[in-house]
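**Q** Listed below, chain by chain, are the residues.
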Amino acid sequence: MLAAIWVMVILAIVVGVVLGWSAVRFKVEGNPLAEKIDAILPQTQCGQCGFPGCRPYAEAIASGEADINLCPPGGEEGMKKLAELLGVEPKPLDETHGTPKPKSIAFIDEQICIGCTLCIQACPVDAISGAAKQMHTIIASECTGCELCVAPCPVNCISMVPIAEDLPRWKWKHPVVMLKKMS
Amino acid sequence: MSRKLFKFKGGVHPPEHKAESNKRPIHTAPLPPKLVIPLRQHIGNPAKPVVEVGDHVLKGQLIGAADGYISTAVHASSSGTVTAIGPALVPHISGLPDDCITIEVDGRDEWIARTPLDYRAMEPANLRMRLRDMGIAGLGGAVFPSAVKLDPGAAHHCPTLIINGGECEPWITCDDLLMRTRADGILQGVAIMRHLLGSTEVLVGIEDNKPEAIAAMRVAAAKMDFPVEVIAVPAHYPGGGAKQMIEVLTGKQVPSGKLSTDIGIQVFNVGTAYALARAVHHGEPLISRLVTVTGHVLRPQNFEVLFGTPLHWLIALAGERGGTTGVLMGGPMMGLPMPNLDVPVVKATNCILVKSAELFPPLPKALPCIRCTRCADACPAELQPQELFRFAKSGDFGRAQEYHLFDCIECGCCSYVCPSHIPLVDYYRYAKSEIWAREKEKRASDLARDRHEFRLFRLEREKKEKAEKLAAKAQAKRAEMATEPAAEGAASDTDAKKALIAAALARAQAKKAEVAPKNTDNLSPDTQHEIEEIEARRAKIRELARQPLSEDKS
Amino acid sequence: MPAPFILDRTSVTQVMAWVLAALLPGIAAYVWLFGPGILVTLSLATVTALAAEAAMLKARGYPAKPFLTDLSAIVTAWLLALSLPSLAPWWLIVTGTLFAIVVAKHLYGGLGQNIFNPAMVGYAVLIVSFPVQMTQWAGPLELTSTPLTLAQSASVIFGGDVPKATLDAVTMATPLDALRTGLLQQHTVDEILVQPIFGHYGGTGFEWLAAAFLLGGFVLWALRIISWQVPLAFLAGIWLTAGFLHFFDAGRFGAPWFHLFAPSVMLGAFFIATDPVTGATTPRGKLIFGLGAGFLTIVIRTWGGFPDGVAFAILLMNLCVPLIDQYTQPLVYGEAKAAKAPPA
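Residue numbers (the working numbering), protein chains in the order written: chain A, 10 to 192; chain B, 12 to 565; chain C, 46 to 389.
Simulated from the structure, these hints should not be mistaken for lab results. Hints are not guaranteed to be accurate.
What the hints assert, rightly or not - The list that follows gives simulated cross-link-like pairs (lysine-lysine, DSSO-like), each with its CA atoms no further than 30 Å apart:
no. : chain 1 : residue 1 : chain 2 : residue 2
1   : B       : K474      : A       : K142
2   : B       : K451      : A       : K180
3   : B       : K376      : A       : K182
4   : A       : K110      : B       : K509
5   : B       : K453      : A       : K45
6   : B       : K404      : B       : K269
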């Protein structure tokens, strides 16, 4: 009886030491959760989720304050990725925060622009160049299509132009192989 | 000639169908009324147009300049007038338009001044630059800028030069005919390649189903002042693939993810060698190539075709027949269906294959994969196509990459042997382009994140700087006030402010009252004209900007 | 649809048809050696399989024609029928076939999706559930005085009124059963082998049946419908394991040749273990799969609760296939030689 207890105690100590050692030895320096979430978010910085940018939203998700279905630019796919990362059930996008739209970028009508710099101040990624009383223009390659510049413009000279499919952007489609009968 | 040949794993033996088109001599296709020359005919950056609408151009004149290192120029294939620069239909499976230069030919076919190059006297870098500007790109199918491939890089020389006359795709015979009739030209091009690469060994691999071509090349090779070995290799699809040709001739495999130059081998298509000779010895930029027109036409044959010639023009020349079920650019194994017959012949066009229900019966319906691994046995890249298919189908692109999706050369052997008739290559293409798109998206979002973070940092910094400035100012004021009597200071402060505002108001009113002429009034006609031009340009830019973005510059 | 626009002539139907054709020598030998009863079993299994396949396709919303004509259901039916005792009652055949097609094939997703070999699932279910009925083997004609005619066989199978004496006269323990029973009765192998049911190698009649399946297997290999790895590794696994045991105690363990030519091994090696859907796909994986199945067969035959172990061995290896495949991925082009020949 005593021997059995001793065996169990010694076993517990040995296993404990091994576990403790491996916990230190094989410690995974993983990204904190918020960073992993941030990597999934589309970085449009549009604020449609109700947070001032993607990073704050990621932090809110990580701390459990926000749901995973508030990001329209990320769409269904982004939500699913978040669900997978967090091990929760996917849920439909919350439409009160907007619906997914085709990817667009902003365009400034330079004939109308008065150079007020309001849009420059609104742009979360500094993708508008220009100065006070100078014409402004969008740096197309940097624009995330967040639409934050549209509302502040006092003369409504900014419009969102959908990105059309062209050759460099064209993708091979998933092959259509019909096995089932068409219902 | 008793060189030991090696075998590559996998491969298939589809019916060759070469005899249809290799019996007739090469015909020069007559000039079409209009040439549409795409600016993106090669791998790398598209060429930049250097002519304007309305310009008259001569045959061989540069119309699109190379843009960057991996790029080549495009030239007018005949003399005429530029009538349009902008999106037009190109030979791409999507049917999407791309930037092209359209030339209305004048029928005179008038050349620009052509000056042969003394390539031995030229600095290699200069020579490569010239070749880039003469539009030389690989004519075997990939259309990679040849100037880049002719750079031996840090190794300074590439011991083995392989000239690929394999032409393993069924139906296609343009390289066959080229070797039969222009073997001397090809070898002149080989001499230039050898000079640039510093190669000591030159091997020409030709599949043994082209005895006439082998004989012609051997005769031409014997005339050269350096040893050239013309080797008949067994006809075995895809033996004309660069990696497969290397393995058959040398027994070496190009390491996965590396270039053939890493093992001291460079491979060029015979057509590229010929184009190189024309460019160097005759000063002719690349403006035409041999194109096989075969399949369901009356007279299957090879044509010498100017780039920009529409496909229907060639099909009409070969004799159109009823019952056509589609047109492919390339062969039946790797060719792409053309959405439209108005699209032009480009540098990559080696074959126009007209389909009929008889020659190409509709493919049977696909069944589920039964994991029979015939595809794995046939895969020359030694992949496991059945697993790649599973991952691609289920969208597990990460696993697909782990299983070496990007080593797939899309030769079509797996689909060819699949007893379930699954379009396997389609799945791989889909997975590859999906992965590329996601990487692009990822880069864009990373950039956006960086820029957003920098903005937050900048705002913070500005706030701090402002606060510091204010603090410094306040301190200065306090110091000032300490020297002056307090009460007086306060009074004078408010007074001064009031005075300042009043002065500013007065100035503003004065300005308003004064009906100053606008800077756009009272202009000289010259300036007026200039302004109009600027306005026009602006309108055009706006027009362009309204149109869909042509390329992501990120 | 993009390239390629031409196809080799092979199709699933063709592959399956060749498998069926390659079974014909075995079936012919079966009829010759054991009487025509097997034809009744085969027909019944075929009809049941096709009916079950059609019903499942309809229920799952798939078109019937391409899947019924792919012949895969018939292959399953034949393999199961050839594994069953030749005088098994009709309801046993129907139950086994239904289980194979409905549960093992369609409930796992149909053609190409099943994890376990359907025929072997059907067999395993029957032998676990109805061990007694699974022993109604007709003895080899050589050893039976009054062989059953086709009509009599059918009568036995369909539960007709057959005198028990007649039935007893024709049914006989298989060599594996006999060996097992003998060993349980503490006899040595040598003592057991004097019974007439044991022929030269694997049992009277059975050894020639095995040879006929071997012939069919060679045809499939010659046509490249099956690869050499699985059958060879399977046979090697059996031979090595049995040989090892026999070497140490010839009195308690059967000879390796006996095990190779005993019933079901050749059928298993060339027709069942080679099922592409449920087998390993990589070359090395196929070897491991075959060796493992061979090893397990002998282990189950020797120490397990049933006289034969081919079915369970293959099912157990089916279970390991994803793991085997994952860890035996072959090197791709440029990986193999790159390691050997460093860049010049």
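**Q** Each hint needs a verdict: does it hold in this structure or not?
**A** Hints, verified against the model:
no., hint, verdict
1, B:K474 x A:K142, "holds, 23 Å"
2, B:K451 x A:K180, "holds, 12 Å"
3, B:K376 x A:K182, "holds, 18 Å"
4, A:K110 x B:K509, "violated, 53 Å"
5, B:K453 x A:K45, "holds, 13 Å"
6, B:K404 x B:K269, "holds, 28 Å"
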